[in-house]
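Peer 1: Going down the list, the sequences are from chains A and S.
Per my numbering, the first sequence starts with residue 1253, numbered consecutively.
Per my numbering, the second sequence starts with residue 1253, numbered consecutively.
Just so you know, these hints were derived from the structure itself, not from any lab.
It is possible that some hints are incorrect.
No copy is singled out in the list; a pair is fine if it fits within one copy or between any two copies.
Think about it this way: if two alpha-carbon atoms lie no more than 20 Å apart in a straight line, the pair counts; the simulated EDC-like pairs of lysine to aspartate or glutamate are [what the hints assert, rightly or not]:
#, residue 1, residue 2
1, K1436, D1517
2, K1436, D1496
3, K1293, D1330
4, K1293, E1323
5, K1436, D1416
6, K1390, E1263
7, K1436, E1331
Residues per chain are reported as follows:
2 protein chains.
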Amino acid sequence: MGEKMISSIAELIADRIGSMPAGERRAAQTLIASYPMIGLKTVAEFSAAAGVSSPTILRFVARLGFQNYPEFQSNLQDELAAQLQSPAIRTLNPPSPGGGTASPMLEATLDNMRETFRHLSDRQLADIAARLAERRGKTFLIGGRFTDPLARYMAAHLAIVQPDVVHLAGQESMWRDRLIDMGKRDVLVIFDIRRYQDSLVRFAEKAHQRGVQIVLFTDQWLSPIARFARHVIAGRTAVPSAWDSSAALFVVAETLIGAVTRQLDANGARRIREMEGLR
Amino acid sequence: MGEKMISSIAELIADRIGSMPAGERRAAQTLIASYPMIGLKTVAEFSAAAGVSSPTILRFVARLGFQNYPEFQSNLQDELAAQLQSPAIRTLNPPSPGGGTASPMLEATLDNMRETFRHLSDRQLADIAARLAERRGKTFLIGGRFTDPLARYMAAHLAIVQPDVVHLAGQESMWRDRLIDMGKRDVLVIFDIRRYQDSLVRFAEKAHQRGVQIVLFTDQWLSPIARFARHVIAGRTAVPSAWDSSAALFVVAETLIGAVTRQLDANGARRIREMEGLR
DNA sequence: CAAAATACGTAACATACGATACAGCGCTCC
DNA sequence: GGAGCGCTGTATCGTATGTTACGTATTTTG
């Protein structure tokens, strides 16, 4: 068939957004971002939200094929009404004619997360959070080639709610020397998924020998570092892509960040406020 | 407490419909019958549907406690928005077959991802992937305080499948000077969620002026950088935590990485194998 | 049953909303 | 580097929309 099935205005926009001038594209993006609410408001409000002028909004709806703004709004309303009638089938992004959500990548990722958390007890999470929250020693974080950003992400947050959080960055020679600062009161958070990096394994081993408590984020096949780790978080990484996915580990990291923050709330809240003041 | 809990206009109507005159009651019943759609239309249409006159409709909304008709409509819209935003009551997400996960954090994150992708068309993703894959110029990536790790993560992967991928790290003064290398053949991927960082906005503006194509990862309230962006990805960030979640954006990033890799497969595969050999 | 009070619709009004004409600007293509 | 085109915002206009005043109908009450 020559034409595509366009059943919603959102699809219509997605179809034509490529061939729109900058201003109208901003209008389109603004509408999609909070679809479809902004489209139900007046042209003035719409234009203000998108940061463009009123005529641009009107040209935008005209390009979509509507004679005037009210007609555009009517269609949006009809669409909404249809959705409300059948709460079951939310068809903004249609279930992809053929079954399954349009993005198998998304589905796989969601599954990974559910699986990851299924094998992860609340108890375990709480224990790790408690360990990270008790301020006896320092917290070091490090990751592998692709997972180091996760270590950074976690460090960026933890460093705000407590002192002595350090992300080990840069060359191997750089952080290897930091071992000398690490002792049995300290915690080392390591991210390592396959291909497990030798340098990280060696580093973990050394740290372990010094009595450092290791929290390991790895994949379901477990990095060799698991041998030395006090806590192991095994996330699912398989997705229909050339790469492995770190998304499940990312979510676990965020969950931990949240839990630690909550535990430190009494002291941490003041600390956060203090920091705000320093800007 | 003396007052009842009134959380929706529908309840408000049910509460007062007993003390309404005949005409206004017809208005109320008409609204309830197709709640809330007819209330979003004009007074004239509403009155026609209810078989009463316009002033009766206005007296009806006045009795509900609204100053004027637009105010009444705004409240209806807010109510709708709240309903649409929270797929919370989405009974279709099985409570994890085999034991309900008690983690509200996980549930919220999963919802965020579904919502994010609902507002993200395959087309848009494909467009962005194509832009990133076509090797006309360089690809720059940068992020804000908490999102910079996402930029790193993406850069780490893209740099493997294609040349000229650079992550802008370090001090503002460092990457500000890199502007001089950037031109209209280049792409700049920016991560910026609220509190949006002034430095990033300024940087984006300058880059935009130089004709750089900007791909923006932001939250649903859209960073001001959206003004300059060619492509905007609006991810949901709300979770029951002291922090916002970047997990949805992370998944989008991974999806894009996968898409770009697939597109470059012909050439990219050889490049990857070559790299393997270099170890 | 009469008289008053309330409810309702018709019609005129004012506002704010969408639409349009036009000029300035940047971009592309010679 | 210059000419042409397309995009965007400002200012203006017409009109649809919400609002109000007033007269008529309907119900309520003494």
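Peer 1: If a hint holds in the structure, say so; if it doesn't, say that too.
Peer 2: Hints and how they fare:
1. Proximity of K1436 to D1517 under the C-alpha cut-off of 20 Å is found in neither arrangement, the shortest distances being 25 Å within a copy and 47 Å between copies.
2. In this assembly of identical chains, the alpha carbons of K1436 and D1496 never lie at most 20 Å apart, being 33 Å within a copy and 32 Å across copies at closest.
3. Within a single copy, K1293 and D1330 get their C-alpha atoms as close as 15 Å, and across copies as close as 11 Å, so both meet the 20 Å cut-off.
4. Proximity of K1293 and E1323 under a CA criterion of 20 Å is satisfied in both settings, with 13 Å inside one chain copy and 12 Å between copies.
5. When the C-alpha separation of K1436 and D1416 is checked against a cutoff of 20 Å, the pair qualifies only within one copy, where the shortest distance is 15 Å, while the shortest distance between copies is 43 Å.
6. For a Cα distance limit of 20 Å, the shortest separation of K1390 from E1263 qualifies neither inside one copy, at 51 Å, nor across copies, at 31 Å.
7. When the C-alpha separation of K1436 and E1331 is checked against a cutoff of 20 Å, the pair qualifies neither within a copy, at 44 Å, nor between copies, at 39 Å.
Checked against the numbered hints above, the structure violates hints 1, 2, 6, 7; every other hint is satisfied.
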